[in-house]
Amino acid sequence: MGRRRFRSRRRRSPSPGRRLAWRLGLVVLVLVSAWVIYLDLRIRLQFEQKRWSLPALVYARPLELYAGLPLSADELERTLRRLHYHAVGRVRGPGQYHRQGRRLTLQTRAFRFPDGPEASRRLRLRFGDGRLLSLRPADGGAAPGLVRLDPRRIASIYPARKADRILLRLDQVPPLLVAAFIAVEDRDFYHHHGLSLRGIARALLADIRARALVQGGSTLTQQLVKNLFFDNRRSFWRKLNEAAMALLLELHYDKRAILESYLNEVYLGQDGARAIHGVGLASRFYFDRPLRALRPEQLALLVGMVRGPSYYDPRRHPGRARARRNRVLRILADQGLITAAKARKLARRPLGLGPRRRQVTNAYPGFLELVRAQLRRDYREQDLTRGGLRIFTTLDTRVQALAMQRLADRLRRIERRHRLPAGRLQGALVVTDTGTGEILALVPGRDSARAGFNRVLHARRQVGSLLKPALYLEALRHPDRFTLASVLEDRPLRVQLDDGRTWSPRNDDGRFHGRVLLYRALVRSENVPTVRLGLALGVDRLVSLLHRLGIESELPAYPSLFLGAANLTPLEVTRLYQTLAAGGFRTPLRTIRAVLDARGRALRRYPLEVKQVVDGPVMTLIQWTLQRVVTEGTARALGRRFDPALGMAGKTGTTNDLRDSWFAGFSGNRLAVVWVGRDDDGPMGLTGAAGAGAVFADLMSRLPLEPLVLSDQGLDWAWIDPASGGLAGPGCPGRVRLPFLAGSVPDRRAPCGGPATPSGGGRRPVIHWLQRLWREVR
Amino acid sequence: MRPGFWFVWVLALAGCGGVPSRPAPVVVPGGGGGPTPGLALPPAVVQAPAAAGPASGGAVRVLVAQADDLARAGAWDRVAGLLERALHLAPRNPRLWSRLAAVRLAQGRYDQAEQLARRSLGLIRGDRALARYDWRLIAAAREGRGDRRGARRARRRAAIWR
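Just so you know, the protein sequences line up as chains A and B, in that order.
According to my numbering, the first sequence is numbered sequentially starting from 3.
According to my numbering, the second sequence is numbered sequentially starting from 35.
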């Protein structure tokens, strides 16, 4: 008993050494458990997140094909190449085309747009006279009328790690590729729990036999862990962690999920700073084809490259890559995945690489800055870089390319002609759709492909005469005081300023013209009559109207504002002219049409919204006057470059010492605002018409334009004597036919006499009261 | 879908697309959602096809036809998307603006419905039937907002365009 008690006492109180060992063991156990729990947490948190972590993709406006579209076969072919379509002898599938002179056969790719899916179609196109003459289905049948190509991806918004991906579901991956990965990298994949002793043993054996490192012992799971969580450093600790995490990963996820992740994560090369992860992206990068279109030997090459993507880089080391590929083909034959005969046949084929494309992650940084500003208002940064959003923008890459090219080209020519040092001039321009307010092109500077100072958004420059139309608009809103036929004094003027100084505005030509009709003062951009008109109306009215028309910046409420003494960005000027071009309807400028989530559901739409800020008929008077600017006024030189039937309207802007040259103009469907100047604000000796106007004409004359046909609602027309502003008979020299708000035709007859016809062939006076009603109802 | 939207769309079809329609009284939605007595409209007038630019006319017609199909399913957001595409091709076609106005009316977005109808009015050249249609649409939008006096004024304006 005593002995037993003694023994049990001994068991309860072991020697100090063993006690220490026990405690140490316990501590180690706790530490290891904590470590495992930590790893487990990390795996579960990060695996899901990283598994579907995708950059937001930004798309340009798609090219819409229809009979009559102004588009040459060359232009279409350029567009198709940018969209990675392949020229082939015979069109067999989506993304292929075949051209024979003016005929082109094409199979479009299916694509899901925000307003619905667009199916893949095989089409025969015929071109002539710079137009698409017809498009017909290749298999006969009715002409589709309108077909959209898949849109060009212009940017990806990445998370901090600069990695692009094309995520694929397991069922989108060719079965041969999956089988080949397993055969070559991890034969026991379906049987192990993350680690494979047999795999390690076999790798060792193979290495010994070949007296080199020919096989690695890592399972696919271990490789996935390595790709997901670790960099490329090798250490014992990392190996240990990797093994533990592989086991944990297998515990939480099934083989399919692990395989799918592996295929999307596997590292397959480097494109400059961009890492090529995943078989989807690698297929694009090496073969310029989607994965499902790859041939078996191309799949074998991808599998072979995993062992050393830079060592086996098929572009840099085609010999090595080919040997490796053929080795993989032999393994596939050994495993019974293909026949030996087929393996031998495939081994004779070339590598089948696609052309290396300069992958542009952000081709239009200026435009994208505006897109991102809009997105930041509506989304959190992490949603942009993780959710795989698809952002459909308004950018028209054809208009954008033309705008970039025309601006750079014209600036070079101006520098040569004016003997300015090359590169001295800068410029910026914006093109919008007058109807929808969508921004079609945004050129932030001369070298617009490079990210840099975005002049469209940030360069605040004096706008000069660009503000004059707003002042005249304010005047015409009061038909009892002003009409286009009002006579303005053009004589020397002294304005007493608040600070006691006096200001004497002068016209650009330095002369005074006595009396001038209101519309001519604007058409010729005369300064003195403009200031007189402004003083009669008051600067506060102008400020308030400019804000309603779309200017958001604070404006200096001094008389100098009548002549445009305000610093605005080209984007703000665009807002102002958008409202003028849209007939007094304010339309927010838009860069985004819709945002879809990764599954193609619409997250958010940015619908067209309009708000009337000025009555239609008054706006028509201003549009009519701006058309005269182009036909007979300060912009008549560039006006000669347009078909008069287009009714192009515009306004020049030139500031003191010719520092800034502006032009804003619009047809029925397109508005363009151009600024040319120096970044250091130095003088350059160019008027609005000579600098910015020339760029405007270069660009707009190459765009498909619709005419600006003015509405006849609420207007009367009358012949006016330019000397007196009174109604002119046929005998009056140089009489002009002017539009008036209904009921505001002057009743005064001109002294040049003759029987006056108030309506001048226009409207019957009987319905004037109806027309007046028009303006009453708001 | 609210009751009565259908009729608005039918009105838009007849007024803007050149689709023949049988003369029948058409009712537009009132503020409470149901058809309001006194808002019965005379039949819309059959119009010639929209005078779009020579190049884009066919494409605009295709888009409008697609929009009509979707309108039957009440997929107004997608209808609006198609009409915006058409407007990109022909921004000065007042009929397209009228249709978009009808979509907003159907969605109960009365402010935009009125603004878009006004946009259409500003582009009309001599098309009295379309002007009448736009004013009726404005009247219905104001009715929807609960602005009865404004609706009456708009109906008077519509009557001018007989």
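No lab work stands behind these hints: they were computed from the structure.
Heads up, some of the hints might be wrong.
Residues on chain A that point at chain B, a partial pick, calculated with CB under 7 Å [to be verified]:
1) F587
2) L610
3) K613
4) G670
Listing some non-contacts, in silico: residues in chain B with all C-beta distances to chain A over 12 Å [unchecked claim]:
5) R106
6) G108
7) P125
8) G180
9) R182
Every residue, glycine too, gets a C-beta built ideally from N, C-alpha and C.
Numbers of the earlier hints that this structure fails to satisfy, in rising order | 7
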